[in-house]
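Listed here are the chains, written in short residue letters.
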Amino acid sequence: MNRKALLRRLLAYTAPYRVFLLLSFLSALVSVALTLWIPVQIGQVIDCMVAPGAVDFAALPPLLVRLTVTILAAALFQWLMSYFINLIIYRTVKDLRNRLYHKLGTLPLSYIDSHEHGDIISRVVNDIDLVADGLLQGFTQLFTGVITILGTLFFMLRADLWVALTVILLTPLSLFVAAFIAKNTFHHFHRQSETQGKLSGYVEETVGNQKLIRAFAYEEQSTKKFREINDLLYLHGQKAQFFSSLSNPTTRFVNAIIYAAVGLTGALRAVYGGLTVGQISMFLSYANQYTKPFNEITGIIAQLQTAMASAERVFAVLDETEESPDAAGSLPTVKGEVTVSDLSFGYSPDRPLLTNFTLTVPAGSTVAIVGPTGCGKTTLINLLLRFYEPDSGVIRIDGTDISSLPRDTLRRSYGMVLQESWLFSGTVRENIAYGRPDATDTEIKAAAEAAYAAPFIRRLPRGYDTMISEDGNNLSQGQKQLLCIARVMLADPKILILDEATSNIDTRTEILVQRAFRDMTEGRTAFIVAHRLSTIKNADLILVMKDGKVVEQGTHETLLAKGGFYHTLYYSQFAT
Amino acid sequence: MWKLLPFLKPYRKQAIVGPLFKFLEAVLELTVPLVMIRLVDRGVAERDMPYIWRMAGLLVLIAAVSWGFALICQYSASIASQGTGTLLRNALYKKVSGMSHAQLDKLGTHSLITRITNDVNQLQTAVAMLIRLVVRAPFLAVGAVFMAMTIDLRLSLVFVVVMPLIALILYLIMSRSVPYFRAIQKKLDRISLYTRESLSGVRVIRAFARQKEEEEKFYAAGDDLAETSVRVGKLSALLSPLTSLVMNGGIAVILFCSGSQVNIGRLTQGEIIAFVNYMTQVMLALVVVANLVVIFTRASASAARVNEVLAIEPDITSPKDPIPFPADRSKPAVEFAGVSFSYHADAESLVLQDISFSVSAGETIGVIGGTGSGKSTLVQLIPRYYDATEGEVRLFGADSRRYDLKALHRKIAVVPQYASVLSGRLRDTLSMAAPDASEERLWHALSVAQATEFVEKLPNGLDTLIDQGGKNLSGGQKQRLTIARALVGDPDILILDDSASALDYATDAALRHALRTELSDITVFIVSQRVSAIRHADRILVLDDGKSVGLGTHADLLADCPVYREICASQPGGGGRR
Chain A
1 MNRKALLRRL LAYTAPYRVF LLLSFLSALV SVALTLWIPV QIGQVIDCMV
51 APGAVDFAAL PPLLVRLTVT ILAAALFQWL MSYFINLIIY RTVKDLRNRL
101 YHKLGTLPLS YIDSHEHGDI ISRVVNDIDL VADGLLQGFT QLFTGVITIL
151 GTLFFMLRAD LWVALTVILL TPLSLFVAAF IAKNTFHHFH RQSETQGKLS
201 GYVEETVGNQ KLIRAFAYEE QSTKKFREIN DLLYLHGQKA QFFSSLSNPT
251 TRFVNAIIYA AVGLTGALRA VYGGLTVGQI SMFLSYANQY TKPFNEITGI
301 IAQLQTAMAS AERVFAVLDE TEESPDAAGS LPTVKGEVTV SDLSFGYSPD
351 RPLLTNFTLT VPAGSTVAIV GPTGCGKTTL INLLLRFYEP DSGVIRIDGT
401 DISSLPRDTL RRSYGMVLQE SWLFSGTVRE NIAYGRPDAT DTEIKAAAEA
451 AYAAPFIRRL PRGYDTMISE DGNNLSQGQK QLLCIARVML ADPKILILDE
501 ATSNIDTRTE ILVQRAFRDM TEGRTAFIVA HRLSTIKNAD LILVMKDGKV
551 VEQGTHETLL AKGGFYHTLY YSQFAT
Chain B
577 MWKLLPFLKP YRKQAIVGPL FKFLEAVLEL TVPLVMIRLV DRGVAERDMP
627 YIWRMAGLLV LIAAVSWGFA LICQYSASIA SQGTGTLLRN ALYKKVSGMS
677 HAQLDKLGTH SLITRITNDV NQLQTAVAML IRLVVRAPFL AVGAVFMAMT
727 IDLRLSLVFV VVMPLIALIL YLIMSRSVPY FRAIQKKLDR ISLYTRESLS
777 GVRVIRAFAR QKEEEEKFYA AGDDLAETSV RVGKLSALLS PLTSLVMNGG
827 IAVILFCSGS QVNIGRLTQG EIIAFVNYMT QVMLALVVVA NLVVIFTRAS
877 ASAARVNEVL AIEPDITSPK DPIPFPADRS KPAVEFAGVS FSYHADAESL
927 VLQDISFSVS AGETIGVIGG TGSGKSTLVQ LIPRYYDATE GEVRLFGADS
977 RRYDLKALHR KIAVVPQYAS VLSGRLRDTL SMAAPDASEE RLWHALSVAQ
1027 ATEFVEKLPN GLDTLIDQGG KNLSGGQKQR LTIARALVGD PDILILDDSA
1077 SALDYATDAA LRHALRTELS DITVFIVSQR VSAIRHADRI LVLDDGKSVG
1127 LGTHADLLAD CPVYREICAS QPGGGGRR
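Sequences listed follow chains A and B, in order.
Quick note: the first sequence uses the working numbering, first residue 1, plus one each step.
Quick note: the second sequence uses the working numbering, first residue 577, plus one each step.
Calculated directly from the structure, the hints in this document are not laboratory data.
Keep in mind that the hints are not guaranteed to be accurate.
Unchecked claim - Mimicking DSBU-like on lysine-lysine, the simulated pairs with C-alpha atoms at most 35 Å apart in a straight line are:
no., chain 1, residue 1, chain 2, residue 2
1, B, K982, A, K225
2, A, K546, B, K793
3, B, K670, B, K810
4, B, K1047, B, K987
5, A, K198, B, K1047
6, A, K211, B, K670
7, B, K1033, A, K562
8, A, K211, B, K788
9, A, K211, B, K793
10, A, K183, A, K103
What the hints assert, rightly or not - Residues from chain A shown here face chain B by an in silico Cβ test under 10 Å; the list is partial:
no., residue
11, I168
12, T360
13, G364
14, L385
Just so it is clear, CB atoms sit at the ideal spot from N, CA and C, and this is done for glycine as well.
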């Protein structure tokens, strides 16, 4: 996207606040004009007091009153300007953020699975802030800067051409100096940030692995390498800091020269051209005011560039292709028969995983999916829930093609317990009632009871009102899974999708989880990613997966008799 | 913050020279308006052209000398601040290297990383500011008032009113907005929490069709944030208009009073200009002071966090006179004598309770139990990652605390549950424990760890570069590498802390077979939740809730350890099969 299009698109987001935008620009205009008028008026007052006995007392009061009013009004409009700009910034940030969040909800799972979450979060949180801050503040500064320059030019030229020319001609000097320094320090900065990045990376790695380093008595080597990088950082850091810190005194030096030149030409013009002392005072003030926007311009440009880069990252997400729109079909009471016909699917076109896969699961039966770690057991789950869409083929529930249903309708007919139990920050009660927010207290407690979760919930400090911290760190893995089971129990779906945990659950909770799973599958159709012998043996159908493909299917007995991959897999558990 | 002063000590020269020259620069800066007064009052009034030229030349000269002084100051500042930062980072890194596991757990690696990087950077900025601005800004403010007094004592009273007024405005607005900023940060954290949850929980949210509710929650948080931001925006928008209002007001008052003064000849036009000038200077200087306060507040928080680390004394260290490792292999390799352990000081939460057992050299010991039973903790006491709260852990017949710590770590190799490898060449990560290990030794270790095949397949073999966090390796590959790495050091005791969980059953079995046949003389501890991983160990230690509830062979335990039977019953292949 080119810059102009990017900018236009961004500005479109401020459209609802057009009135405020207009008001803020008006306030900026007025406040800058008034601020510039102040030195002129001060000069006029000074000119009323030329020498002892030559003070124009009659002219002074109205001038002073006007000055006071101008000062008050300038302050008022300056405040109004900031106020309106703030209003626009924060509202735009909110809108853009909401839009982005909403967008995340419409993106296909493939996007969310294949992008780092930290990066997406940073777009939602940081990038949007940078966009709004950078753009709007950048523009305000640019706007006020331009008005200031034009205003000072106007007042200066009106007062005296020659002194004005001095200021106009000398000012770019400070700009050049700043640009020259920036250009010549860039590579120092670059090297500094590179080394800083290297150091941070090294610290992150070695401090993060400090236990490992200790275990291998590797402290000396790691410290040595750290010192090397750190010394390098000093070398580049010192240069970068020194050279960049040149710009402030140097621009000040140039400004001081301009100040002297204004003093000189002002005095000369006063002697030969009738410039008043008051006007010299005005010129001296303007010499500072006029150069300020020029000095700030580099910063503004950098800020705008950051904002643009961030905007691009935000728009990249907003431009992602959304999930296909929902169909309008409906599903009567679900019985639970699932049929898969001729299904083909691959996460990438060059690696097909399922080809012409067909499966019939009568209502109420249990399907176990087994296979080595990482063999793609979750693929079928992704397709059943339409987290991913098949390349071809149809999945039907009770004879209805699931792609003809709204996703929400389809998903409500399932109950899902994943291995990595996901709980959100909220109370235990809220987490159980997640699928049915309208559930009564009795129903919630009954579900917890049925999931064998009630006893441990009662032992929690605040029972059902205990807050679960982010990621549920205050609960054990097994307890989390029990809560997820209770959540599904409450929703009471006809089809279950269960992902058994491999380990990390203590024996007693494990027994409870298994019992809850068994109770739950009673009378329901269930797809279970299985690790437990009991689950596998009792399944009505076992799908054996390898490298993302279903390689065998059948019951425990038929598969063992076949002597294929399942046979190997099953007996490797007992190998020595 | 002053506790960190010693780190500035090597840069004493810079820390004195820098501010000194900045001070001189400020003095020169204050004389500029005085020169301008003369230029106007004498030069213009008396039409004295040579004088005007001389004064303008003097202004240029002052500017040039100021510039030179400023450069000297900036140079000193850059050396002192970057140098101090470098020293601080070294000191912190060294401190972290000496920390015990308990200390690392307590501070958290994430927090330590921030302290070494961000906090030191904050302090570095503070040192630079200290040298560059701390002398200059207050001096300019006070100096401007002083100069104004020398011109006209009565008129300078305006400064006495204006200066505290500006300071008060700065203080009030800033101190009032700080709590808001904190609130905003909290609200922003909530936004990022909701976003994170919506991503990590995307399957659950969609499965329960709760997107709309999640969105509403997010929008509410956004509204809340925007509202607070607007409120603080209103407040901080006051800062600049109010201060310039007061400054311009001061100028107006000066102008108001100076009419009669000029009339009776007590004040000149040039002096009025100087007053206006000083007034501007005072305000600018005060704004800088306010910013300095902010920088130093932030830096003092950083300094506290850095100090906290520096104040830590390593709690697990080598003894003063370590004893050598005995050559005699008859003594038990590992012996626990009434060992109890707690991660926290209170005895209520004992993770291990009164554990005693003895393992002869060359024995393989399985350790099993549910989560939280203390398996991992138990084996971590062997290499002194933690010290026993009560009782004694003996190695080769002597208290483990009597050996040199590093030597001890070389004797005992631990393969942790979470396989982590350092970035760099595969060869380097393998030979961490023995930097001079021969090629042959590396390959042998790889073969025992069942890793030969995949390493051979890598494009550059042992010279393959591993990404940070081993991202270019699979979980199973990383795990096998960590096992090989442990073996390269030729340890006497090998501890596999649930480290085969990412391996499939067949590889796991082959690994155990290789360990038994190739390295029969080392003592091995295998910690696992899987019965299949430990059932063939010489003896199995069963832990339940921190207590030892059984020790014996698989058969013994099946016969008389109910907890072991229960564990077996819940696992495939663990049941009655022998």
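How the hints compare with the structure:
A threshold of 35 Å between alpha carbons decides the hint, and for K982 of chain B with K225 of chain A the separation of about 19 Å falls inside it, so the pair holds. A threshold of 35 Å between alpha carbons decides the hint, and for K546 of chain A with K793 of chain B the separation of about 41 Å lies outside it, so the pair is violated. Of the supplied pair hints, the one linking K670 of chain B and K810 of chain B is violated, its CA atoms being roughly 47 Å apart against a limit of 35 Å. With a C-alpha separation of about 29 Å, the suggested pair K1047 of chain B and K987 of chain B falls inside the 35 Å cut-off, and the hint holds.
Only pairs whose Cα atoms come within 35 Å are accepted, and K198 of chain A paired with K1047 of chain B is accepted, the gap being roughly 18 Å. Of the supplied pair hints, the one linking K211 of chain A and K670 of chain B holds, its CA atoms being roughly 14 Å apart against a limit of 35 Å. Taking the CA atoms of K1033 of chain B and K562 of chain A, the gap is near 33 Å; set against the 35 Å cutoff, the hint holds. A hinted pair counts as satisfied when its Cα atoms are at most 35 Å apart, and K211 of chain A with K788 of chain B does not qualify at roughly 44 Å.
Between K211 of chain A and K793 of chain B the CA atoms are separated by roughly 40 Å; this puts the pair beyond 35 Å, and the hint is violated. Using a Cα cut-off of 35 Å, the hinted pair K183 of chain A and K103 of chain A is violated, with the two alpha carbons roughly 40 Å apart. A distance limit of 10 Å between C-beta atoms decides the matter here; for I168 of chain A the minimum to chain B is near 19 Å, and the interface restraint is violated. Among the interface hints, the one on T360 of chain A is violated; its C-beta lies about 23 Å from the nearest C-beta in chain B, farther than the 10 Å criterion.
For G364 of chain A, the suggested interface contact is broken, since its CB lies about 21 Å from the closest CB of chain B, more than 10 Å. Evaluation of the L385 of chain A hint against chain B yields a held restraint, the C-beta minimum of about 6 Å falling below 10 Å.
Of the numbered hints given earlier, the model fails hints 2, 3, 8, 9, 10, 11, 12, 13; all others are met.
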